[in-house]
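Student: Heads up: the sequence lines are chains A and B, in that order. Counting with this note's numbering, you get residues 1 to 452 for the letters of the first sequence. Counting with this note's numbering, you get residues 453 to 904 for the letters of the second sequence.
Treat the hints with care, since some could be wrong.
Some chain A residues judged to face chain B by a derived CB distance under 7 Å, without partners named [as the list claims (entries may be wrong)]: (1) 27; (2) 45; (3) 48; (4) 143.
To list a few chain A residues with every Cβ distance to chain B over 12 Å, as calculated [said to hold, decoys possible]: (5) 157; (6) 160; (7) 296; (8) 370.
Some chain A residues flagged as far from chain B (calculated, every beta-carbon gap over 10 Å) [as the list claims (entries may be wrong)]: (9) 66; (10) 104; (11) 159; (12) 206; (13) 315; (14) 347; (15) 348; (16) 429.
Hint data in this document are derived by calculation from the structure and do not stem from the laboratory. In this text, a Cβ means the ideal position worked out from N, Cα and C, and glycines have one as well.
There are 2 protein chains.
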Amino acid sequence: MLNNDTIIALSTPPGSGAIGVIRLSGPEAITLTNQVFSGKNLKKQATHTLHFGLIKDGDVVVDEVVTSLFVGPKSYTKEHVVEISCHGSNYIIQQIINLLIRKGARAAKPGEFTLRAFLNGGLDLSQAEAVADLIASDSKASHEVAMQQMRGGFSNELKDLREQLIHFASMIELELDFAEEDVEFANRDQLRTLVQRINTVLQRLIHSFEVGNVIKNGVPVVIAGKPNVGKSTLLNALLNEERAIVSDIAGTTRDTIEDEININGVVFRFIDTAGIRETADVIEAKGVERSLEKMRQARLIIYMVDAQEDENEVIKQLEELSRQDTPFLFIVNKAELLSIAQQDFYKNHNALLISAKDKVGMDILEASLLEKVNLSNINTNETLVTNIRHVEALKQTQNSLNNVLENIYNPVTSDFLAMDIKQALHYLGEITGTVTTDDLLENIFTKFCIGK
Amino acid sequence: MLNNDTIIALSTPPGSGAIGVIRLSGPEAITLTNQVFSGKNLKKQATHTLHFGLIKDGDVVVDEVVTSLFVGPKSYTKEHVVEISCHGSNYIIQQIINLLIRKGARAAKPGEFTLRAFLNGGLDLSQAEAVADLIASDSKASHEVAMQQMRGGFSNELKDLREQLIHFASMIELELDFAEEDVEFANRDQLRTLVQRINTVLQRLIHSFEVGNVIKNGVPVVIAGKPNVGKSTLLNALLNEERAIVSDIAGTTRDTIEDEININGVVFRFIDTAGIRETADVIEAKGVERSLEKMRQARLIIYMVDAQEDENEVIKQLEELSRQDTPFLFIVNKAELLSIAQQDFYKNHNALLISAKDKVGMDILEASLLEKVNLSNINTNETLVTNIRHVEALKQTQNSLNNVLENIYNPVTSDFLAMDIKQALHYLGEITGTVTTDDLLENIFTKFCIGK
Numbered sequence: 001m002l003n004n005d006t007i008i009a010l011s012t013p014p015g016s017g018a019i020g021v022i023r024l025s026g027p028e029a030i031t032l033t034n035q036v037f038s039g040k041n042l043k044k045q046a047t048h049t050l051h052f053g054l055i056k057d058g059d060v061v062v063d064e065v066v067t068s069l070f071v072g073p074k075s076y077t078k079e080h081v082v083e084i085s086c087h088g089s090n091y092i093i094q095q096i097i098n099l100l101i102r103k104g105a106r107a108a109k110p111g112e113f114t115l116r117a118f119l120n121g122g123l124d125l126s127q128a129e130a131v132a133d134l135i136a137s138d139s140k141a142s143h144e145v146a147m148q149q150m151r152g153g154f155s156n157e158l159k160d161l162r163e164q165l166i167h168f169a170s171m172i173e174l175e176l177d178f179a180e181e182d183v184e185f186a187n188r189d190q191l192r193t194l195v196q197r198i199n200t201v202l203q204r205l206i207h208s209f210e211v212g213n214v215i216k217n218g219v220p221v222v223i224a225g226k227p228n229v230g231k232s233t234l235l236n237a238l239l240n241e242e243r244a245i246v247s248d249i250a251g252t253t254r255d256t257i258e259d260e261i262n263i264n265g266v267v268f269r270f271i272d273t274a275g276i277r278e279t280a281d282v283i284e285a286k287g288v289e290r291s292l293e294k295m296r297q298a299r300l301i302i303y304m305v306d307a308q309e310d311e312n313e314v315i316k317q318l319e320e321l322s323r324q325d326t327p328f329l330f331i332v333n334k335a336e337l338l339s340i341a342q343q344d345f346y347k348n349h350n351a352l353l354i355s356a357k358d359k360v361g362m363d364i365l366e367a368s369l370l371e372k373v374n375l376s377n378i379n380t381n382e383t384l385v386t387n388i389r390h391v392e393a394l395k396q397t398q399n400s401l402n403n404v405l406e407n408i409y410n411p412v413t414s415d416f417l418a419m420d421i422k423q424a425l426h427y428l429g430e431i432t433g434t435v436t437t438d439d440l441l442e443n444i445f446t447k448f449c450i451g452k
Numbered sequence: 453m454l455n456n457d458t459i460i461a462l463s464t465p466p467g468s469g470a471i472g473v474i475r476l477s478g479p480e481a482i483t484l485t486n487q488v489f490s491g492k493n494l495k496k497q498a499t500h501t502l503h504f505g506l507i508k509d510g511d512v513v514v515d516e517v518v519t520s521l522f523v524g525p526k527s528y529t530k531e532h533v534v535e536i537s538c539h540g541s542n543y544i545i546q547q548i549i550n551l552l553i554r555k556g557a558r559a560a561k562p563g564e565f566t567l568r569a570f571l572n573g574g575l576d577l578s579q580a581e582a583v584a585d586l587i588a589s590d591s592k593a594s595h596e597v598a599m600q601q602m603r604g605g606f607s608n609e610l611k612d613l614r615e616q617l618i619h620f621a622s623m624i625e626l627e628l629d630f631a632e633e634d635v636e637f638a639n640r641d642q643l644r645t646l647v648q649r650i651n652t653v654l655q656r657l658i659h660s661f662e663v664g665n666v667i668k669n670g671v672p673v674v675i676a677g678k679p680n681v682g683k684s685t686l687l688n689a690l691l692n693e694e695r696a697i698v699s700d701i702a703g704t705t706r707d708t709i710e711d712e713i714n715i716n717g718v719v720f721r722f723i724d725t726a727g728i729r730e731t732a733d734v735i736e737a738k739g740v741e742r743s744l745e746k747m748r749q750a751r752l753i754i755y756m757v758d759a760q761e762d763e764n765e766v767i768k769q770l771e772e773l774s775r776q777d778t779p780f781l782f783i784v785n786k787a788e789l790l791s792i793a794q795q796d797f798y799k800n801h802n803a804l805l806i807s808a809k810d811k812v813g814m815d816i817l818e819a820s821l822l823e824k825v826n827l828s829n830i831n832t833n834e835t836l837v838t839n840i841r842h843v844e845a846l847k848q849t850q851n852s853l854n855n856v857l858e859n860i861y862n863p864v865t866s867d868f869l870a871m872d873i874k875q876a877l878h879y880l881g882e883i884t885g886t887v888t889t890d891d892l893l894e895n896i897f898t899k900f901c902i903g904k
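Generate coordinates for the entire structure from the input sequences, incorporating the hints supplied.
Tutor: What follows is the structure in structure tokens.
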């Protein structure tokens with residue numbers, strides 16, 4: 001984890017565009033750029049200023065550029081940072097990066113700028129992780145959660161808990177120092193109350209992962225039902241409407257992942273629906289273990305029947321469906337073929353009546369999907385855990401604190417008490433990076449994109 | 453061509469990345485950004501400064517960003533320009549653009565920033581066109597030519613010619629004003645010398661298009677030869693070597709167009725080689741008009757034979773090949789199978805002996821390709837025309853000037869003389885945009901990418 005050289009990378013997506021931005025960070029960022037920049041002497045310019053000039057490789061003009069100067073520590077990485085905004089040609093970008101590498105810069109590894117920001121105290125670890133989440137965010141909800149985490153909401157909540165624990169840990173350490181004298185600096189009742197309060201918070205945070213994960217990765221949904229009831233027609237109808245919204249602004253259309261739709265800011269992800277479609281009569285054919293497994297992964301099942309199916313058959317399917325744990329939406333397709341009596345019958349069974357082909361009833365379906373996952377009343381000011389690493393650390397913290405509670409009134413085990421509290425502090429510290437290892441850091445930052 | 457509103461677009465390539473840059477230009481660029489920016493009051497900041505802050509939609513934090521402030525006319529477009537450097541998530545980019553459009557900005561059309569730079573006198577038209585060429589440049593040569601044009605090399609050369617012509621035009625206009633008096637303000641011998649000198653320059657520029665076009669669009673090459681002599685093996689060998697070079701720096705690999713290779717900065721483009729491969733015995737089967745057409749489009753033919761072919765047959769093919777105009781490289785593949793006598797025989801016929809499969813002789817082949825297209829001795833300080841529109845305008849100028857030469861000593865036709873000189877001035881002006889129409893501008897700038 002050397003931190004004293006100057007790194008360089010393209011920070012904008014590769015490909016042709018109007019401009020590309022090349023970022024340098026490190027002690028020589030300004031000096032190196034200045035060597036190839038013909039314009040003002042960058043070494044003499046104030047921080048947070050922009051300078052037009054040429055990048056020259058000897059006598060050859062590589063490009064006309066604008067350089068942004070961030071004099072450390074007033075930068076993202078807390079080091080000297082220069083951003084070179086050049087014409088968005090890969091040829092030019094490559095030339096400029098090569099040139100500066102020849103002058104002494106080193107190609108940055110993925111996430112290395114953010115790693116430096118962390119190592120230099122600009123961000124804690126959970127904030128750094130939120131930067132990657134923010135870049136990957138593709139819905140209102142995932143964006144809000146990542147933004148809140150990046151802006152330190154989660155970190156602050158943990159910091160409070162940690163500080164109170166640290167206080168008790170030091171009191172108990174004191175007791176150990178005076179072990180002969182049998183004094184009690186740390187009031188056990190207060191400690192117990194604190195640990196219980198912390199455990200409540202931990203429990204809430206751990207529990208929030210269920211929602212946080214869904215927000216970050218989307219709600220896994222399965223569309224099930226017998227063959228030819230219109231499952232893929234429904235999926236296409238949902239996808240088409242969504243695509244029209246996504247591609248509203250030219251140039252910002254994201255690479256749409258098939259079978260993923262965004263309804264009012266919540267992403268619904270249709271897991272392996274092709275497989276499910278093939279074994280669509282899964283509810284009846286109980287043996288189809290693989291498909292059932294898929295259904296268990298789902299947070300929601302859309303169960304679809306055809307208006308022309310026998311009503312008693314349908315009721316049987318519904319009963320089967322009710323026996324498993326995953327919540328489901330019951331949908332009758334081709335509803336235009338239903339008699340009034342049939343309509344009433346199905347409505348009494350909480351069915352949504354739709355026509356996937358004609359896109360009738362899609363608005364009610366979308367509203368029901370949102371209602372079923374019940375994300376609408378999430379308080380986005382409340383911290384949500386979205387990262388499996390954080391959940392694991394929180395659970396470990398909880399384990400240690402449970403040990404604390406077990407030993408709390410046993411004077412013989414003050415040693416254990418101190419150890420368990422320290423352990424809890426360790427795990428809490430892992431989340432924000434107060435406690436860290438090179439392996440952990442490498443594991444986190446290699447998942448970043450280059451240039452961040 | 454309204455120019456008084458404020459336009460906005462993503463200026464970096466779409467897709468996920470560390471950062472994205474959104475650009476605004478127009479009278480309200482700073483005011484609009486300031487409305488959604490929580491940080492310093494941007495309206496009170498100096499030009500060429502950088503400001504960290506939040507983009508907020510009401511109370512919702514959309515992103516932490518850095519804004520770059522260019523107070524007009526000290527900007528690319530000569531208007532107020534703000535660049536918002538945000539996290540490279542399409543969701544965030546879309547949110548920020550939507551927000552500013554709601555506040556009153558308008559989505560920019562392709563090339564509209566550069567169009568404004570042109571309309572406001574920041575660039576002339578040929579320089580503006582060079583910006584697009586620069587972004588598209590993918591080789592040393594195309595980059596150099598575009599850079600020279602963008603930096604005004606071509607424009608300056610035309611400007612000189614134009615000014616001299618304007619002088620004569622005004623003298624002849626004067627003569628027309630005093631037509632009754634039969635005076636001669638414009639010395640005809642001097643005019644003739646000038647026009648001839650200009651014609652020489654025009655001729656050189658028009659002629660330079662042959663090279664300029666090749667540099668911009670690549671050298672069209674056809675690999676021909678009988679089936680199974682190893683043509684696709686050769687192409688793959690050439691492509692593989694190139695790809696290794698191109699992908700040297702992670703993240704900057706361009707979207708490689710199949711069958712295009714870059715040798716020492718010159719791009720060789722293999723035109724429809726698949727088709728040629730199918731009708732590979734094109735030299736013998738004279739009737740295959742379509743393939744011959746392809747060969748005529750080529751600037752160079754690589755003609756390949758197998759070492760095991762009958763030597764007399766090969767000589768016959770060579771004779772056929774020599775009868776057409778396109779230069780060719782004669783290659784014997786699987787050369788490891790040749791006897792010493794055969795080797796000497798083929799060398800006497802200027803053959804290159806290679807083994808495509810084992811990549812033997814590729815360096816000599818590449819050197820020969822470069823030698824054949826003879827681009828190595830191009831003086832890159834000499835202006836090269838790369839744009840068909842410019843060539844057309846230059847040819848029209850030349851036509852008008854030839855009319856001038858025809859009428860030059862005929863006192864009766866001073867009117868025509870004045871008209872022809874004006875016509876020549878008009879066509880020269882079309883290149884730099886001194887003379888222009890909305891249609892022409894639209895035609896040029898719609899080919900740009902959005903955000904430039």
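Student: Now, for every hint given, state plainly whether the structure supports it.
Tutor: Structure-based check of each hint:
{"no.": "1", "hint": "27", "verdict": "violated (20 Å)"}
{"no.": "2", "hint": "45", "verdict": "violated (10 Å)"}
{"no.": "3", "hint": "48", "verdict": "holds (4 Å)"}
{"no.": "4", "hint": "143", "verdict": "holds (5 Å)"}
{"no.": "5", "hint": "157", "verdict": "holds (18 Å)"}
{"no.": "6", "hint": "160", "verdict": "holds (22 Å)"}
{"no.": "7", "hint": "296", "verdict": "holds (30 Å)"}
{"no.": "8", "hint": "370", "verdict": "holds (18 Å)"}
{"no.": "9", "hint": "66", "verdict": "violated (8 Å)"}
{"no.": "10", "hint": "104", "verdict": "holds (16 Å)"}
{"no.": "11", "hint": "159", "verdict": "holds (20 Å)"}
{"no.": "12", "hint": "206", "verdict": "holds (26 Å)"}
{"no.": "13", "hint": "315", "verdict": "holds (43 Å)"}
{"no.": "14", "hint": "347", "verdict": "holds (37 Å)"}
{"no.": "15", "hint": "348", "verdict": "holds (41 Å)"}
{"no.": "16", "hint": "429", "verdict": "holds (25 Å)"}
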